[in-house]
Amino acid sequence: MASSRIQARVDTKLLKNAEKILNDHGVKIAQAITMFLTAVKNQNGFSFLFPNDCPCSHEPNEQLAKELHRELTGNELKIYNDKEEFFESLGL
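Going by our numbering, 23 is the number at position 18 of the sequence shown; the sequence numbering is gapless.
To be clear, the hints were calculated from the coordinates, so they are not data collected in a lab.
Incorrect hints may appear among the rest.
Listed next, the in silico DSSO-like pairs over lysine-lysine satisfying Cα-Cα at most 27 Å (straight line) [to be verified]:
#1 88 to 71
#2 25 to 88
#3 83 to 25
#4 83 to 18
#5 71 to 18
#6 83 to 71
#7 88 to 21
#8 71 to 21
Everything numeric in this text was worked out from a predicted model, so none of it was measured.
With the hints as constraints, model all of the structure from the sequences given.
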């Protein structure tokens, strides 16, 4: 029981920090959440975002995505222009 209460407190703090970032940038929450969800973290802990695959009807805000990702995961978000560039970076 205690561990779920601790988790809830941590989640609340993360949400408040994310909300502050969103408010500071003046970006609609739905758009920012959609951008964050396009950020993928694979098993190696390597983070990336495919801006061209963003399902939003707006240009992705890379700085916001980076800040939101860093705040929520503690990791830096590496930005690639497309999937080919990502796979090339892996030597594939």
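Here is how each hint holds up against the structure:
no. : hint     : result
1   : 88 to 71 : holds, 18 Å
2   : 25 to 88 : violated, 31 Å
3   : 83 to 25 : holds, 22 Å
4   : 83 to 18 : holds, 24 Å
5   : 71 to 18 : holds, 18 Å
6   : 83 to 71 : holds, 8 Å
7   : 88 to 21 : violated, 32 Å
8   : 71 to 21 : holds, 17 Å
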